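Sequences are here, hints too, so could you generate the full structure?
Just so you know, the protein sequences line up as chains A and B, in that order.
Numbers in my numbering are just positions in the first sequence, counted from 1, shifted up by 4.
Numbers in my numbering are just positions in the second sequence, counted from 1, shifted up by 30.
Source of the hints: derived by calculation from the structure; they are not laboratory data.
What you are looking at is a predicted structure, and each value in this text was computed from that prediction instead of being measured.
Any given hint could turn out to be false.
Below, computed lysine to any residue pairings styled on SDA-like, alpha-carbon distance capped at 20 Å [claimed, not checked]: (1) B:LYS200 to A:SER177; (2) B:LYS219 to A:GLU116; (3) B:LYS101 to B:TYR172; (4) B:LYS215 to A:LEU87; (5) B:LYS219 to A:THR120; (6) A:LYS104 to B:GLN224; (7) A:LYS82 to B:LYS215; (8) A:LYS134 to A:LEU107; (9) A:LYS83 to B:THR203; (10) B:LYS219 to A:ARG115; (11) A:LYS82 to B:THR212; (12) B:LYS215 to A:LEU118; (13) A:LYS30 to A:LEU62; (14) B:LYS200 to A:LEU84.
From the derived model, a few chain A residues whose C-beta atoms are all more than 12 Å from chain B [claimed, not checked]: (15) THR192; (16) ARG212; (17) LYS252.
Just so you know, even glycine gets a beta-carbon here, dropped at the ideal spot from N, CA and C.
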Amino acid sequence: MATNEQTAIIELKHIDKHFGSLHVLKDINLTVHKGEVVVIIGPSGSGKSTLCRTINRLETIDSGEIVIDGDILPQEGKKLARLRSEVGMVFQSFNLFAHKTILDNVTIGPREVLGTPKKKAEEEAMALLKRVGVENQAKKVPAQLSGGQQQRVAIARSLAMHPKVMLFDEPTSALDPEMIGEVLDVMTELAREGMTMVIVTHEMNFARRVADRIIFMDEGRILEENEPEAFFSAPGTQRAKDFLNTLKERDR
Amino acid sequence: MTNGTISIRDALYESPGPKAKKIIAAATVLSLVVLAALIYLVIHQFYITGQLDSRYWSVFARASTWRYLGKGLLGTLKVALGSSLVAFAIAMVMMLGRLSSIRPVSWIAVALIELSRGIPTLLFIYFFFLVPSQFGIMLPVYWKITLPVAISASGVVAETLRSGVNAVPKGQTEAALSLGMTDGKVFFKIVFPQAFRYVIPSLIAELVIVLKDTTFAYVVSYADMMLNARVLISNYDALLAVYLVVAVIYIIINYLLHRAAVFMAGHRKTAAA
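Right under this line is the structure:
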């Protein structure tokens with residue numbers, strides 16, 4: 005995937021952010037290329053979720069620059085909204101619109117933001133729901149679905165906007181263990197089809213399988229950036245070694 | 031729906047043991063006896079003072095009495111409906127103002143909400159009764175009662191709506207924003223519809239307050255049920271009988287509203303569960 009003619013989709017330059025006196029992002033530099041799958045891992049509180057959320061400005065930054073497909077991320081207004089529409093986001097807690105049916109959850113973006121006619125939006129939505137395997141739930145409301153189904157709908161909702169890149173903020177952390185697989189399968193499929201993805205996750209086997217690059221964060225800094233095989237077999241920092249060891253202990 | 035929902039009684043007390051069950055049974059019997067005695071006393075008192083005499087009650091044998099009360103009831107319902115709609119419109123504006131990120135707008139909204147909640151309805155009625163006419167504005171009598179009742183209710187409704195908006199999880203907003211919706215669309219397509227559903231039961235409960243406030247209509251001589259009841263009383267000298275019947279009608283209407291609120295609350299829960 006790493007060819008010579010790489011187009012940068014996301015560029016983060018010298019990003020700094022504080023929550024009060026807490027320095028949560030420290031001089032972050034990161035470039036994500038077209039078709040690349042970047043997985044961000046690290047202990048909780050390392051700033052990985054915050055970093056993910058700055059990319060579509062759900063979190064503001066104190067200094068630095070965010071460039072999405074050549075455009076500097078605007079700070080507000082219609083321009084920001086338009087740029088956000090090109091960046092899909094999948095949340096830990098799904099955040100499906102509770103008052104809308106599954107079908108409406110997927111069509112509302114195209115209809116309200118892109119102005120897609122109802123019929124076309126619904127056809128596309130049904131195709132997407134079929135792709136993530138929940139087409140027979142289209143008329144239900146989110147609360148009637150399992151967590152795994154809801155998260156797959158959330159992915160379909162993002163895909164309906166034809167995003168240039170998709171952000172996943174711990175997409176399986178709120179799921180019962182038996183439902184994690186179905187969501188990861190959908191994500192693996194997306195990666196295989198060439199979607200550009202930034203994924204924050206604790207699923208190490210998944211990371212190893214789909215990532216083109218692993219970013220290891222700790223205490224607001226990017227400590228390592230490497231190909232998955234190299235990172236998992238021979239992490240370069242003591243922090244990363246400790247982190248991976250803790251996970252191994254847990255899984256044992 | 032029975033499993034999963036616990037009543038406040040269940041939440042407050044543990045289930046009674048054998049001793050407690052005996053005490054509860056004894057207290058139930060005792061309180062029933064006291065209740066029966068009270069009812070007997072009231073009826074007996076009515077009897078010895080002659081209130082049960084047919085001359086007081088014969089007024090209800092005439093169809094014209096019921097027609098007249100019915101006309102009044104229609105007036106009451108017209109004012110209640112008008113007031114509710116106007117109150118909702120004003121409340122929406124106040125709520126949006128209060129949530130505004132422009133500070134002075136928010137302050138003004140807070141001040142208006144506090145005025146609306148703090149001033150008794152009767153004062154608003156006097157205001158609309160006395161002040162506009164000073165400036166040559168002749169309000170129809172319907173609006174002289176409907177507007178003040180609406181304004182008096184609007185502050186509470188605004189705060190109810192706001193509590194609903196605050197109850198919508200932040201993730202809903204974030205998801206809508208990340209789809210590229212503008213702030214206005216996020217609010218009116220995603221947040222407010224959910225907020226409104228949350229507060230439907232409270233809004234219906236507030237209808238009861240509006241309905242009771244409409245009885246101030248006598249101040250401006252608008253023919254609501256209460257005013258017509260007074261007319262009946264002065265014509266037939268049947269004060270207790272007429273007020274009792276009117277009270278029962280008000281209770282029935284408000285009880286129906288209450289049942290509607292409970293039904294909506296239950297309905298909302300099942301839809302969300």
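Measure nothing beyond the straight line between the CA atoms of A:LYS30 and A:LEU62; if it is 20 Å or shorter, mark the hint as holding. holds, 18 Å
Proposed proximity, A:LEU107 with A:LYS134 (alpha carbon, max 20 Å): holds, 11 Å
Keeping to a limit of 20 Å between CA atoms, is the pair of B:LYS215 and A:LEU118 held or broken? holds, 13 Å
A:ARG212 non-interfacial with respect to chain B [C-beta, more than 12 Å]: At roughly 28 Å from the nearest Cβ of chain B, A:ARG212 sits farther out than 12 Å, so the non-interface label holds.
With the threshold set at 20 Å, check whether the alpha-carbon distance from B:LYS200 to A:SER177 stays at or below it. Holds: B:LYS200 and A:SER177 sit about 18 Å apart, inside 20 Å.
Verify the proposed pairing of B:LYS215 with A:LEU87, using a straight-line Cα cut of 20 Å. holds, 16 Å
Please verify whether B:LYS219 and A:ARG115 have alpha carbons no more than 20 Å apart. holds, 12 Å
Tell me if the straight-line CA distance from A:LYS83 to B:THR203 falls inside 20 Å. holds, 18 Å
20 Å limit on alpha-carbon distance, applied to hinted pair B:LYS219 and A:THR120: holds, 16 Å
Restraint check for A:LYS82 with B:LYS215, where alpha carbons must lie at most 20 Å apart: holds, 12 Å
Between the alpha carbons of A:LYS82 and B:THR212, is the straight-line distance 20 Å or under? holds, 7 Å
Within a Cα-Cα threshold of 20 Å, do B:LYS101 and B:TYR172 meet the stated pairing? Answer holds: B:LYS101 to B:TYR172 is near 14 Å, not above 20 Å.
Every hint, counting from the list given before, is met by this structure.
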